[in-house]
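Engineer: Protein sequences, first through last, are from chains G and H.
Residue numbers for the first sequence follow the numbering used here, so the first one is 1 and each next one is one higher.
Residue numbers for the second sequence follow the numbering used here, so the first one is 1 and each next one is one higher.
FYI, nobody ran anything at the bench for these hints, they're computed from the structure.
Fair warning: there could be bad hints in the mix.
Partner residues are not named here, just some residues of chain G that face chain H (Cβ under 10 Å, in silico) [claimed, not checked]: (1) Y33; (2) R43; (3) M45; (4) I46; (5) L47; (6) R50; (7) F64; (8) F91; (9) A93; (10) R95; (11) T105; (12) T108; (13) G109; (14) Q113; (15) T115.
Glycine included, each C-beta is placed from N, C-alpha and C at the ideal position.
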Amino acid sequence: AQTVTQSQPEMSVQEAETVTLSCTYDTSESDYYLFWYKQPPSRQMILVIRQEAYKQQNATENRFSVNFQKAAKSFSLKISDSQLGDAAMYFCAYRKGFGTASKLTFGTGTRLQVTL
Amino acid sequence: KAGVTQTPRYLIKTRGQQVTLSCSPISGHRSVSWYQQTPGQGLQFLFEYFSETQRNKGNFPGRFSGRQFSNSRSEMNVSTLELGDSALYLCASSLALAGDLDTQYFGPGTRLTVL
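One chain only, chain H, in its complex shape (with noise of 0.2 Å):
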C-alpha cells in the first residue's frame, strides 16, 4: 500500500505570494493533519480535516487554511506569505478508527522557502 504523499517536494517562493501544498494520504485513510516544522518552533499542528471538516485547528493566523476533498486528498494554502513561514509541512494520515488504528502516518514533507 503506498504512503503518504505530498507534492510538491521543494518549493520557493517570495514575501506576499501565496502558496498551495498538497497531501495524498494512504488510500482508506480518512483522517489528514499538517504540521509546521522549524528549527526555532519544532513541530506544529496546523489543523486536521476529517470528512471534508476541520475537526481542529492549531494556534496559526487565518492566513493558513486548508481542506480536503470527497476523496480525502488535502490541501492547505499560505496567503501573502512571510518570511517566518519557510518551514518543513508535513502532512499526517490515519485511519480515524479506535485504538492503533488512529495512528499518524507522516509524508516526506514539503520544505517552502520564502525570500
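Next comes chain G alone, as it looks inside the complex (with noise of 0.2 Å):
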C-alpha cells in the first residue's frame, strides 16, 4: 500500500521569506501524481502544485515549487515570499496514474504559521 509521510508537525516562517516543507512517499508504481494541498482555517481544501511522475521537470506555480527526487521518493515544497495568507495546514498527497481510480492518500500535514 501507497504511504505518504510529513514529517513536519509544524513549521514557522517569517513573512517574506522561504520555507521548505518535507513530503515523503512510498510506491512500487511508476506512473503516479504527487500533489501538495493547502486546508486554510476555513476548512477548504485548496490545490496548490501538482506533479506528475513521469515529468523530471519541477512543477513551479508562482511562488510555489517542488523539489521532485523521484529515486528518493521524496516532493517537497518550497514556498517563496511568504505571505501571511499562507498560514495554513498543507497536505502531501499522492495518487496513482490515470486508468485507476482517484484515490488519494494524505500525509498527515504541516501546520504552517507566517509572523511578521
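Need the complex rebuilt from these two chains, each delivered in its own frame; the hints are there to steer you.
Structural biologist: And the structure:
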C-alpha cells in the first residue's frame, strides 16, 4: 500500500522569507501523481501544485515550487516570499496514475505559521 | 464556473441516527470522491463514484454508503451514527480524464457532530 509521510508537524516562517515543507512517499508504481493541498482555517482544501511522476522538470506555480526526487521518493514544497495568507495546514498527497481509481492518499499535514 | 458545493455545512445528530450528506461537483466533472477528516485519523478515503458506479471504496464499515445520480451529484449516507463518526466530510470532484484533468477539487466540507 502507498504511504505518504510528512515529518514536520509544524513550521514557522517570517513574512517575505522562504520555507520548505518535506514529504516522502512509498510506492511500487512507476506512474503516479503527487500533489500539495493547502487547508486554511476555513477548512476548504485548495490545490497548490501537482507533479506527474514521468516529468523530470519540477512543477512551479508562482511563489510555489516543488523539488521532486523520484529515486529518493521525496516531494518537497518551497514557498518563496511567504505571505500571511499562506498560513494553513499543508497536505502532501499521492495518487496512482490515470486509468485506476482516483483515490488520494494524504500525509498527516504540516501546519505553517507565518509571522511578521 | 462554480466550485464543488456541499450541503449542509454543519450538522448535529445523536447516536443511532442516520445522516445524508450531499455534494454537487463542478459542472462537467464526472467523478466524485468522499473523504473523512478527523484529528486522530487524518484524511481517509471513503469511496469514489464515476458514472453512477462506485469505482473504489476505502476501509470503512458498511454503515457508510453512497450513490451518484445521472447529473453527477452524489450523496453519502451514514447509518446508526457513532460518536466516532464526528468529522469533517470532504467531497472532491474531477473530470476523470487523463493527466492533469484528473485532478481533484474539493468542496468546503460538511462538519458532522454526533452527540
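Engineer: Each hint needs a verdict: does it hold in this structure or not?
Structural biologist: Hint check:
| no. | hint | in the structure |
| --- | --- | --- |
| 1 | Y33 | 8 Å, holds |
| 2 | R43 | 5 Å, holds |
| 3 | M45 | 4 Å, holds |
| 4 | I46 | 7 Å, holds |
| 5 | L47 | 6 Å, holds |
| 6 | R50 | 6 Å, holds |
| 7 | F64 | 15 Å, violated |
| 8 | F91 | 7 Å, holds |
| 9 | A93 | 8 Å, holds |
| 10 | R95 | 8 Å, holds |
| 11 | T105 | 7 Å, holds |
| 12 | T108 | 5 Å, holds |
| 13 | G109 | 7 Å, holds |
| 14 | Q113 | 18 Å, violated |
| 15 | T115 | 24 Å, violated |
The earlier numbered hints that this structure contradicts are 7, 14, 15.
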